[in-house]
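> Next come the chains, spelled out residue by residue.
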Amino acid sequence: MSVRIKEKLLNSTVKALSRSMDIKVMTHVARNIIPSYDLHKRMQIPATNAIPNRDAARQIVKDMRDWDYFLPFICLLINISQRGYHGKSYSIPHITSILHQLEEEGLIYHIQDQHFRENPQIRRSHNWGILREGESYPFTLMKLDFVKNSSTVRKNPKDLVKKCYRVLRQEMVDILEFHQGRQWFWEGDGGVFAFHYSNRNRSAVVTALEIQHRMFLFNHFRNPLNNPVQLRIALLSRQSEYWSQKGAIRQSEVYLKIEKQESNCTEAGGITISNEVYSHLEKELARLFYPYEKEEGEKLYQYKLRWES
Amino acid sequence: MRILILSSQKELFEGIPKGLDVHLLAMNQLDLLQGEYRMAYIDQMDKDCKSQCRNTLKELKAIADIPWGVIDFKRKLKDPLELIFHGWADYLCGKDLLKRFTAARLQDVLYFHENKQPIPLKKQHILEGTPSGENWEKVQEDHEYIFGMLYVEAVPDKNMEAQLGERGIEQLQKEWQKLLQDFFDPWFGYNWINNGWASVILFPFNGKKLHAIEAAMEFYLNSPIFRYPSYTHNLKYRQVLHLSKTLYRNSDNTSNIISEALNDLFHMGLYHAVEGNFYLTDPAMIYLPESLHNIVEESRDFEGHIIHNFKLPY
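Line order of the protein sequences matches chains E and P. Using the numbering used here, the letters of the first sequence correspond one by one to residues 249 to 557. Using the numbering used here, the letters of the second sequence correspond one by one to residues 1358 to 1671.
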């Protein structure tokens, strides 16, 4: 879901841009986001003709909005207002008002990460409100699958199985969203969750652990079925393209890889993580995982809840 | 309660629960018997109890006239019930028999041996008070109810105070208290008494299921990975879950409550619980699903309470 840019926010941004820099600089700034950006071409005005500052700013801001680059553009303006641009400082008015209006839309600017995060109480979108279709980003993906689903369905009333899976899935999504992850899709007895923010490996691992612990407790305290319900969870960290559609996600290289990891290398009730995920963990988390080589050349680590004897 | 074990295989008894007062002697050390014992066990390897079990018991009663049980690591006896018919008090078998050698079992053995009656259901005993309910709807101030009571304490790193100063610690304690409230809220847990790092979370109890166990176990399992988003310091936790009755008053008004249960709980938490561990008292243990009994390690007597310790997850 793209962010809704209201007219008031658009106007504030136009004012901020037109009152802080000239056309040459603002075009230069726009080219940081879209390298081939040509203001005269966009306005259908010959290159030799002058353009009023405010009209130029309006065109740039509108283009940023229409091409889904509004938030990266705002991040860049914030950066310029704090650190200057090419050695020169710029005082950009209305930045506070812009941030306030975005907060109302459920987006909070994180100074440390230098980008926007969704306020989960207001919005939780598939792309965290900031990712663009087809562009490449760093992700940690989680593939989950209920083990021996068909056997569970055979042994239990269909409706009861459905109800259990619905309850468990909701509990999993609650844990996921607490850790800023997003459900990309769910199909039958499995799905894909994704993590994107800077601490994505840690968040993904903690989410996976909490989910497996919840499953363990569900089986002992609340499971009305005739057999335990078990999950396999695989985690993989990669730079990959963002797609909102299930079909496109399923065709991506990263999906094929994580699906293989989940179905071929992960034990029931276990979590496997790729070497890259493992290498980003602090030692308290890393010590929970042990090396687990099931496929040649692929170094994995696994966790399975065990009890000291 | 002092227990005598006669066995020449001393090395097999190394894992005996530390909380039990056990005097282990070989058969040729009978001159070392000291004081009074509440019960005794003989190792089947030292004295064959298979045949002539009545005579063997007579011999042993001459050593100490107390209830005797048989310990049989190698499962030599095919019909152990015969022992009971002939006056023996207990039979423990298998390589892992020490896991079942608990204070709770010994109490049950003695009760049955002396009364020849089924052990009374502890559940019924506990339910003598008024259950507090499924949630907080019917709980009224100044009334007494049965609650699940979780003592939970964070044990900060020794250097933390020096690193953070008084204000930093206060801030961290606030976060800790909020974490507790947020975490236990879905199970209707109420951060009832909080004293810096130590808290008592009160859970409604409907008389049938103690949901607090699931909540406390989830906390226990997740504690090694716990860090609230703003949390940057490692804390270890100790937990004791008790089920008992107490007078209820809201959180601001608890200082003048005189409650034996609360007093006992704080004692168990402060003087018995070890950091990183989770304990259930006997009344709460009744509500632990049987499928989880294999992860309860041992039981100990502490100030009149039998406390069960969970194994450590890893």
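Everything labelled a hint here was simulated from the structure, so no lab data went into it. Treat each hint with caution, since some may be false.
[As the list claims (entries may be wrong)] Dumping the calculated DSBU-like pairs for lysine-lysine here, alpha-carbon to alpha-carbon at most 35 Å: (1) P:Lys1602 - E:Lys531; (2) P:Lys1404 - E:Lys552; (3) E:Lys403 - P:Lys1566; (4) E:Lys552 - P:Lys1418; (5) P:Lys1407 - E:Lys552; (6) E:Lys505 - E:Lys531; (7) P:Lys1535 - P:Lys1566.
[To be verified] Some chain E residues near chain P, calculated using beta-carbon distances under 7 Å: (8) Glu351; (9) Val454; (10) Leu457; (11) Glu458; (12) His461; (13) Phe469; (14) Leu473; (15) Arg554.
[As the list claims (entries may be wrong)] Pulled a few chain E residues facing chain P out of the computed Cβ check, cut under 7 Å: (16) Asp286; (17) Leu465; (18) His468; (19) Trp555.
Given the structure is predicted, the values throughout are model-derived calculations rather than measurements. Glycine included, C-beta positions come from ideal geometry on N, C-alpha and C.
> It remains to establish, for every hint, whether it holds in the given structure.
Hint check results:
Between lysine 1602 of chain P and lysine 531 of chain E the alpha-carbon distance is near 42 Å, which puts this suggested pair outside the 35 Å criterion. With a CA separation close to 44 Å, the supplied pair lysine 1404 of chain P and lysine 552 of chain E exceeds the 35 Å bound. For the given pair, lysine 403 of chain E sits about 26 Å from lysine 1566 of chain P by alpha-carbon distance, which is consistent with the 35 Å threshold. Taken as a hint, the lysine 552 of chain E and lysine 1418 of chain P pair is broken in the structure, with Cα atoms around 50 Å apart against an allowance of 35 Å.
For the proposed pair lysine 1407 of chain P and lysine 552 of chain E, the alpha carbon gap of about 43 Å is over 35 Å, so the pair is violated. For the proposed pair lysine 505 of chain E and lysine 531 of chain E, the alpha carbon gap of about 26 Å is at most 35 Å, so the pair holds. Of the supplied pair hints, the one linking lysine 1535 of chain P and lysine 1566 of chain P holds, its CA atoms being roughly 26 Å apart against a limit of 35 Å. Hint status for glutamate 351 of chain E relative to chain P: violated, with the closest Cβ pair at about 18 Å, above 7 Å.
Interface hint status for valine 454 of chain E: upheld, as the beta-carbon distance to the closest one in chain P is roughly 5 Å, under 7 Å. Residue-level restraint check for leucine 457 of chain E holds (minimum Cβ-Cβ distance to chain P is 5 Å; threshold 7 Å). Below 7 Å, beta-carbon pairs count as interface contacts, and glutamate 458 of chain E has one with chain P at about 6 Å; its hint therefore holds. The interface hint given for histidine 461 of chain E holds, since its Cβ lies 4 Å from the closest Cβ of chain P, which is under the 7 Å cut-off.
At about 5 Å, the closest approach between the beta carbon of phenylalanine 469 of chain E and any beta carbon in chain P falls short of 7 Å, and the interface hint on this residue holds. Restraint check, leucine 473 of chain E versus chain P: the minimum CB separation of about 14 Å is more than 7 Å; hint violated. Contact between arginine 554 of chain E and chain P, as hinted, is supported at the beta carbon level, the nearest pair being about 6 Å apart and thus within 7 Å. Given the 7 Å rule on beta carbons, the hint for aspartate 286 of chain E is violated: about 43 Å separates it from the nearest Cβ of chain P.
The beta carbon of leucine 465 of chain E comes within 5 Å of a beta carbon in chain P, closer than 7 Å, and the hint placing it at the interface holds. With 7 Å as the threshold, the beta carbon of histidine 468 of chain E comes within range of chain P, its nearest partner Cβ sitting at about 5 Å, so the hint holds. Checking tryptophan 555 of chain E against chain P by beta carbon gives a least distance of about 4 Å; that is within 7 Å, so the hint holds.
Of the numbered hints listed earlier, those contradicted by the structure are 1, 2, 4, 5, 8, 14 and 16.
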